[in-house]
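Can you build the whole structure from these sequences, using the hints too?
Each chain, written out:
2 protein chains.
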Amino acid sequence: MKFGGTSVASLERIRAVAAIVRREADAGHSVAVVVSAMAGETNRLVELCSEVGDPAPALDARNVEYDAVVATGEQASAGLVALVMQNLGYRARSWQGWQIPLKTDRAHGKARITDIDQSDIGESIDNGEIAIVAGFQGVADGGRIATLGRGGSDTSAVALAAAIKAERCDIYTDVDGVYTTDPRLTKQARRIPKISYEEMLEMASVGAKVLQTRSVELAMAYHVPLRVLSSFDPPDAPGPGTIICDEEDIVEQNIVTTVTPDFDEAAVTILAVPDEPGRAAGIFIALADANINIDMIVQSASREPGFANISFTTKEGDVERAITLLAGEQEKIGFKTLQSDRNVAKVSVIGVGMKSHAGVAATMFKTLADKGINIQNISTSEIKISVLINADAAEYAVRVLHEAYGLDKKQQPAPV
Amino acid sequence: MKFGGTSVASLERIRAVAAIVRREADAGHSVAVVVSAMAGETNRLVELCSEVGDPAPALDARNVEYDAVVATGEQASAGLVALVMQNLGYRARSWQGWQIPLKTDRAHGKARITDIDQSDIGESIDNGEIAIVAGFQGVADGGRIATLGRGGSDTSAVALAAAIKAERCDIYTDVDGVYTTDPRLTKQARRIPKISYEEMLEMASVGAKVLQTRSVELAMAYHVPLRVLSSFDPPDAPGPGTIICDEEDIVEQNIVTTVTPDFDEAAVTILAVPDEPGRAAGIFIALADANINIDMIVQSASREPGFANISFTTKEGDVERAITLLAGEQEKIGFKTLQSDRNVAKVSVIGVGMKSHAGVAATMFKTLADKGINIQNISTSEIKISVLINADAAEYAVRVLHEAYGLDKKQQPAPV
Numbered sequence: 000m001k002f003g004g005t006s007v008a009s010l011e012r013i014r015a016v017a018a019i020v021r022r023e024a025d026a027g028h029s030v031a032v033v034v035s036a037m038a039g040e041t042n043r044l045v046e047l048c049s050e051v052g053d054p055a056p057a058l059d060a061r062n063v064e065y066d067a068v069v070a071t072g073e074q075a076s077a078g079l080v081a082l083v084m085q086n087l088g089y090r091a092r093s094w095q096g097w098q099i100p101l102k103t104d105r106a107h108g109k110a111r112i113t114d115i116d117q118s119d120i121g122e123s124i125d126n127g128e129i130a131i132v133a134g135f136q137g138v139a140d141g142g143r144i145a146t147l148g149r150g151g152s153d154t155s156a157v158a159l160a161a162a163i164k165a166e167r168c169d170i171y172t173d174v175d176g177v178y179t180t181d182p183r184l185t186k187q188a189r190r191i192p193k194i195s196y197e198e199m200l201e202m203a204s205v206g207a208k209v210l211q212t213r214s215v216e217l218a219m220a221y222h223v224p225l226r227v228l229s230s231f232d233p234p235d236a237p238g239p240g241t242i243i244c245d246e247e248d249i250v251e252q253n254i255v256t257t258v259t260p261d262f263d264e265a266a267v268t269i270l271a272v273p274d275e276p277g278r279a280a281g282i283f284i285a286l287a288d289a290n291i292n293i294d295m296i297v298q299s300a301s302r303e304p305g306f307a308n309i310s311f312t313t314k315e316g317d318v319e320r321a322i323t324l325l326a327g328e329q330e331k332i333g334f335k336t337l338q339s340d341r342n343v344a345k346v347s348v349i350g351v352g353m354k355s356h357a358g359v360a361a362t363m364f365k366t367l368a369d370k371g372i373n374i375q376n377i378s379t380s381e382i383k384i385s386v387l388i389n390a391d392a393a394e395y396a397v398r399v400l401h402e403a404y405g406l407d408k409k410q411q412p413a414p415v
Numbered sequence: 000m001k002f003g004g005t006s007v008a009s010l011e012r013i014r015a016v017a018a019i020v021r022r023e024a025d026a027g028h029s030v031a032v033v034v035s036a037m038a039g040e041t042n043r044l045v046e047l048c049s050e051v052g053d054p055a056p057a058l059d060a061r062n063v064e065y066d067a068v069v070a071t072g073e074q075a076s077a078g079l080v081a082l083v084m085q086n087l088g089y090r091a092r093s094w095q096g097w098q099i100p101l102k103t104d105r106a107h108g109k110a111r112i113t114d115i116d117q118s119d120i121g122e123s124i125d126n127g128e129i130a131i132v133a134g135f136q137g138v139a140d141g142g143r144i145a146t147l148g149r150g151g152s153d154t155s156a157v158a159l160a161a162a163i164k165a166e167r168c169d170i171y172t173d174v175d176g177v178y179t180t181d182p183r184l185t186k187q188a189r190r191i192p193k194i195s196y197e198e199m200l201e202m203a204s205v206g207a208k209v210l211q212t213r214s215v216e217l218a219m220a221y222h223v224p225l226r227v228l229s230s231f232d233p234p235d236a237p238g239p240g241t242i243i244c245d246e247e248d249i250v251e252q253n254i255v256t257t258v259t260p261d262f263d264e265a266a267v268t269i270l271a272v273p274d275e276p277g278r279a280a281g282i283f284i285a286l287a288d289a290n291i292n293i294d295m296i297v298q299s300a301s302r303e304p305g306f307a308n309i310s311f312t313t314k315e316g317d318v319e320r321a322i323t324l325l326a327g328e329q330e331k332i333g334f335k336t337l338q339s340d341r342n343v344a345k346v347s348v349i350g351v352g353m354k355s356h357a358g359v360a361a362t363m364f365k366t367l368a369d370k371g372i373n374i375q376n377i378s379t380s381e382i383k384i385s386v387l388i389n390a391d392a393a394e395y396a397v398r399v400l401h402e403a404y405g406l407d408k409k410q411q412p413a414p415v
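Quick mapping for you: the protein sequence lines, in order, are chains A and B. Using numbering that gives the first Met the number 0, you'd call the opening residue of the first sequence number 0 and step up by one each time. Using numbering that gives the first Met the number 0, you'd call the opening residue of the second sequence number 0 and step up by one each time.
Don't read these hints as lab results, they were simulated from the structure. These numbers come from a predicted model, not from an experiment. Watch out, some of these pointers could steer you wrong.
In this list, chains with the same sequence are indistinguishable; a pair is considered to hold if it fits within one copy or across any two.
To be verified - In silico SDA-like pairs for lysine to any residue, Cα to Cα no more than 25 angstroms straight-line:
id, residue 1, residue 2
1, 365, 12
2, 186, 209
3, 102, 141
4, 408, 364
5, 109, 86
6, 208, 231
Structural data, given as structure tokens:
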């Protein structure tokens, strides 16, 4: 069971978490719990670190200390949850990453888990103790605390579940499951009973912030069934949530599972780049070196013979840096004009059923065309089609696509 | 170098601490720094723990979690101080208790240090790294974090200084040294350049809160010279502070070194206890079982033949419990009446010179008698004489005794 920051935001919330843990323990389950820091605490600690430091990119030694400071948030909440469980009469103990040990590489601030020794914590759980684990952190070679980066508690939970061979990893959050689309955009959005790892990964890749990508990758690799559910449901009447599992464990597979909008997009167009080998590579290497992630690359012929136009999208927060960087390289790259447009959004339809069903893309393009929505850019994967459109049309596009794929009507199968 | 909570209370104060550490490093010293939690942080964490727990005395398992939560305060401040030192261009790293490891027994919440492995931290310091150690905590057998109890950072610092064979342990605090008496009571109070471990222990025992008793005991056992000085002095012009050392290292020893008042006293008198063997023992065993510390016991004959009166003092916070407990045992103990008086204070004169100089007690009694101050109770040790008097007279008593022993006039010897 993993509880995020909003689920342990206050002592009242921590007591609610304890009631949920208690329910599972009373049902006869052996339980390990992974907790985040109390909401706001990590930001407070990060703020302290950044106020003592200069704003320049931190050296590694600084990251080590940053991790030592920031990791205290989860250490405190794990201890508090253990205390509450003890006060309810349960045997419980907190585990910090180094106590397990949960080992990581030395990429402080964004470390990856390399190994989890499940012997001690497994023995403790087998002896009937509830394990309350500080999420988001482990111990690197040399015995220094390393954090897994924002959202890393999901990854802690999945990795631990794999290590102790848990039947299931329940991710408690502030929503009651994964939806066919953002419920704030249409009342027709429905909770999905079961979704595949691949679809969740695609959703994360297009900006849906349900689970950290790395945690889904791990769950997929180790076949750990995940369940997303709300810690705000009454402890004695939990919702069914959404199960995330292998594709073959989903009997009634929809062709399209979700319609996912991403408003955090900006388009950059470079007009009239000399159409010679290496020009495009030069652009994207420069952007990569500056740590600017790009997406939806399209190269098209320019009106001027011997020149091409190159478009790509990036996150809104990166677009200014991208423009400045490219402008500085104008002579070297040899383009004529730079354009950017922040008023765009990406809308993606995702579904593993696309692998075996044709016509999904055709439905998308026709639906949007019928409604007069112009497609600026398209990118696809095996189980996803994304289009870039004007941001003002995005909510409408989501609603019509949601309807076009029958996501508003489907009697969703009950979870097993 | 040890810095308490007020010395690291804010980022501004942490920067001031870094300037002091920098001064010592620039002077060519190898430096280990022990830090407390930022002022208020430990209280915040204790408050969180007590709000989730019931107010009953905690079981051991709860204390373990309490320690895991509370210890995070020092872990964060150690990381922050290391970050500031790094930003000043110094090589520094934080050490948590388990990383050293600094081993303790399992008395969570008030653990004692059992062993410090100085190999890793010693090697780091020898390699020119400044060690920033989280005070107040270590790791018990079984790998759980244990705290040393309030004020434990002093003990961490002294134990570490002993382990790494430091030349000196500088305790930075919010006062600039140890004084002949409380400077708030008389402007005649003077900073003491040098004082012996024994005198510091007696001062602590009568309520002067300069250093934790255990830290002074450790320093005495391992002959670690301590220095108490202010972290609020300008970093480039530190005051000389007070050196605490072996008696024989003090050339110009005063007969009386300090006059120390203690207002946190209450007197309890049990009238007409049957004068039979075991009656007094019964009283004090009952009080000890209830964890009520008592002091200044006097037994005197009652007016009624065959009966005795027994008086003792205790802390003001304990007097109500003591009265309730004794009233409940009235039949068993067989006394007639109970009296209590909170309006009392203890005034102590302390000095190792008393061992070899007669007349110290006589001066005290005569001085107080001349000023019309009635002595209610007396207790002595080899280097201390304490009297219990009316609290209203205590400030006056301190001033006249301070003068009577010449503490206001003495040209104090300069520290070596």
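Classify it for me, residue 208 with residue 231: is the Cα-Cα distance of at most 25 angstroms met within a copy, between copies, both or neither?
For residue 208 and residue 231, the Cα distance is within 25 angstroms only inside one copy (18 angstroms; across copies 47 angstroms).
Reference check for the pair residue 102 and residue 141, CA-CA at most 25 angstroms: within, between, both, or neither?
Intra 11 angstroms, inter 18 angstroms, cutoff 25 angstroms: intra and inter.
Up to 25 angstroms CA-CA - residue 364 versus residue 408, copy category:
within (21 angstroms within a copy, 97 angstroms between copies)
Give the relationship of residue 109 and residue 86 under a CA distance limit of 25 angstroms: within one copy only, between copies only, both, or neither.
between (35 angstroms within a copy, 21 angstroms between copies)
With identical chains treated as interchangeable, where does the CA-CA distance between residue 365 and residue 12 reach 25 angstroms or less: within a copy, between copies, both, or neither?
Neither way: residue 365 and residue 12 sit 47 angstroms apart in one copy and 65 angstroms across, limit 25 angstroms.
Within a copy, between copies, both or neither: which one fits residue 186 and residue 209 at a CA-CA cutoff of 25 angstroms?
For residue 186 and residue 209, the Cα distance is within 25 angstroms only inside one copy (19 angstroms; across copies 66 angstroms).
Hint violations for this structure: number 1 only, all remaining hints satisfied.
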